[in-house]
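> The residues making up each chain are set out below.
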Amino acid sequence: MVGMSSVLKAAGLTKRYGKHLALTDCDLDVPAGRVTGLVGPNGAGKSTLLQLACGLIEPTAGALEVLGNRPGATAAHLARVGFVAQDTPVYSSLTVEEHLRLGARLNPRWDAALARRRVERSGLRPGQKAGRLSGGQRAQLALTLAVAKRPELLIFDEPAAALDPLARDAFLRDLVESVTELGASAVLSSHLLGDVERVCDHLVVLAGGRVRVAGDVDTLVTGADSLESLVLAYLKEAVR
Amino acid sequence: MIWLSWRQFRAQALVAAFALILLAGCLVVLGRQIRGGDYSGAELREQFQGRVYLLDAVLLLTPALIGLFWGAPLAARELETGTHRLVWNQSITRRRWLTVKLLLTGLAAVITGALVSALLTWAAGPLDRFTGDRFSTIFFGTRNLAPVAYGVFALVLGAVAGLLIRRTVPAMAVTLVVLVMTQALIPNVIRPHLMAPERLSVPITAEVVRNLSFLGQHPEISGLKMPGAWVINTSELRTADGSRVSDDTYGVCVAGSLDKAPDCLAALNLHVDVDYQPVSRYWTFQWLESVLYLSLALLLAAVGLWRIQGAAH
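Keeping their order, the protein sequence lines are chains D and V. With this note's numbering, you'll find the first sequence wraps up at 240, consecutive numbering, no jumps. With this note's numbering, you'll find the second sequence wraps up at 1313, consecutive numbering, no jumps.
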């Protein structure tokens, strides 16, 4: 997006659950117009950071701006961010068609044509109950809901983690296509480095609730054997 | 949002509508039977009291059912299944989401409560006029306005419990416990003092003594009735100057044969001071109690709207 330098800006961001510190004093600046991969081991704080970014939870300390505003504070801001949560929740008793209706009713910028096109291409039957969809189909439905509201930023929390290799491949392809079609920025978390290497051009490594490194993939990989060895090196350093 | 709220509520609404039709049928049949014969008051009581009590029980249960099956799952089920992460990321704030859901379900609770209460008030009318016991816990809470307010309160209570506890079944349990507690506490502790009671000095005549339920060792009586009014407190037996009659004087009268006690006590020229709510205050009390419950519901809704921002984890 012209004139917008960053989609996500954190300063001293901290999130505490009881005694457990999920994120500690994170400073982060995620540039616009990129597909950013958020990688790190389980429990690194990836989900926490993404849920903070879409306003689902609130920080314990520090500041976080998404698209220049406090996340999730107003309906107008919610309209600008699409979020696909971990395990891609959908309403099991509602049909695919009813999910599209839900999206149309709750989002002012809803793109019905885009939604219908995506549903048809993913082979989802409109009358089918969402509770009977396979994991891959459910992820496609959740992606459709997030994309058809035409957000400026799409956030994905481990979207493909539970999918088999074929479904994951199709899902990631659709994800990249959708982001390109919308001209949106995207942030996605994953512990699968292969996925990240395939779709992301910007990288944030998170471990133990802290940001270990952040930068463009091209720049980071220069001088390293591969993205994988680079990330592993940072993660091993974090463990020490 | 109205569409989604309705779509999610539809199944519960259909079950409730089915139950309502059955209940309304029973009430209409009862109302017609009560009016069918030319019954005297005693005959009405003999023939219909049992069935009216049963329907009173159903009406007392209705708010609990609303709280448990409409209120408790309203937010808790979303939090349990994770769908809150879907719906709270549409272009609608959580406060608005909760407000619309509460308003739609609340409207259904009002309609349900009003319908069953109106039908029972009508059906049991002839019997109630004979019994004249309008302030007692069961009658007061199952006629006219009060049941509507109970239903709204139970709904919001269940919804907010579900939002804070985040699990449906524990939220149901908490809702039930709180409802039982309020229904025990308010009629006995709060309702008598919604307005300052009137005080009346009632002379102890032989007739009064014969109608008492209990005469003890000490000069205290219970079971004094005033037609239609709600007796809240009865003083000890007092002499003309307002002091308590001595145990000895009283003891002489009740020590001998019980047949002689009424005349003996009447001869002492005693009285009791009775605190009571007159029958003319019935509607004031109905309104006051409804406003009390609706205010509690509003307060709970405010807590829910305030806490929903932190409810996602």
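Wrong hints could be hidden among the right ones.
[To be verified] Restraint-style ranges between C-beta atoms, simulated for each label pair:
#1 D/Asp29 / V/Leu1061: 21 to 27 Å
#2 V/Gln1033 / D/Arg116: 55 to 61 Å
#3 D/Pro126 / V/Val1177: 42 to 48 Å
#4 D/Ser5 / V/Gly1082: 55 to 61 Å
#5 V/Val1177 / D/Ala76: 20 to 26 Å
#6 V/Val1177 / D/Leu232: 18 to 24 Å
#7 V/Thr1284 / D/Lys19: 51 to 57 Å
#8 V/Ile1111 / D/Ala162: 38 to 44 Å
Since the hints were derived computationally from the structure, they do not count as laboratory data. Computed from a prediction, not measured in an experiment: that's the story for all the values here. Think of the CB as a built atom: it goes at the ideal place given N, C-alpha and C, for glycine as much as any other residue.
> Take the hints in turn and mark each one as holding or not.
Hint-by-hint comparison with the structure:
The supplied range of 21 to 27 Å is broken by D/Asp29 and V/Leu1061, whose beta-carbon atoms lie about 59 Å from each other. V/Gln1033 and D/Arg116 have their C-beta atoms about 58 Å apart, which keeps the hinted 55 to 61 Å range intact. The hinted range of 42 to 48 Å is satisfied by D/Pro126 and V/Val1177, whose Cβ atoms lie roughly 44 Å apart. Taking the beta carbon of each, D/Ser5 and V/Gly1082 are about 34 Å apart, not inside 55 to 61 Å as hinted.
Checked against the hint of 20 to 26 Å, the C-beta distance between V/Val1177 and D/Ala76 comes to roughly 41 Å, which is inconsistent with it. Checked against the hint of 18 to 24 Å, the C-beta distance between V/Val1177 and D/Leu232 comes to roughly 53 Å, which is inconsistent with it. For V/Thr1284 and D/Lys19, the Cβ-Cβ distance of about 53 Å falls inside the hinted range of 51 to 57 Å, so the restraint holds. Between V/Ile1111 and D/Ala162 the Cβ separation comes to about 43 Å, which falls inside the hinted range of 38 to 44 Å.
Of the numbered hints stated above, those contradicted by the structure are hints 1, 4, 5 and 6, listed in ascending order.
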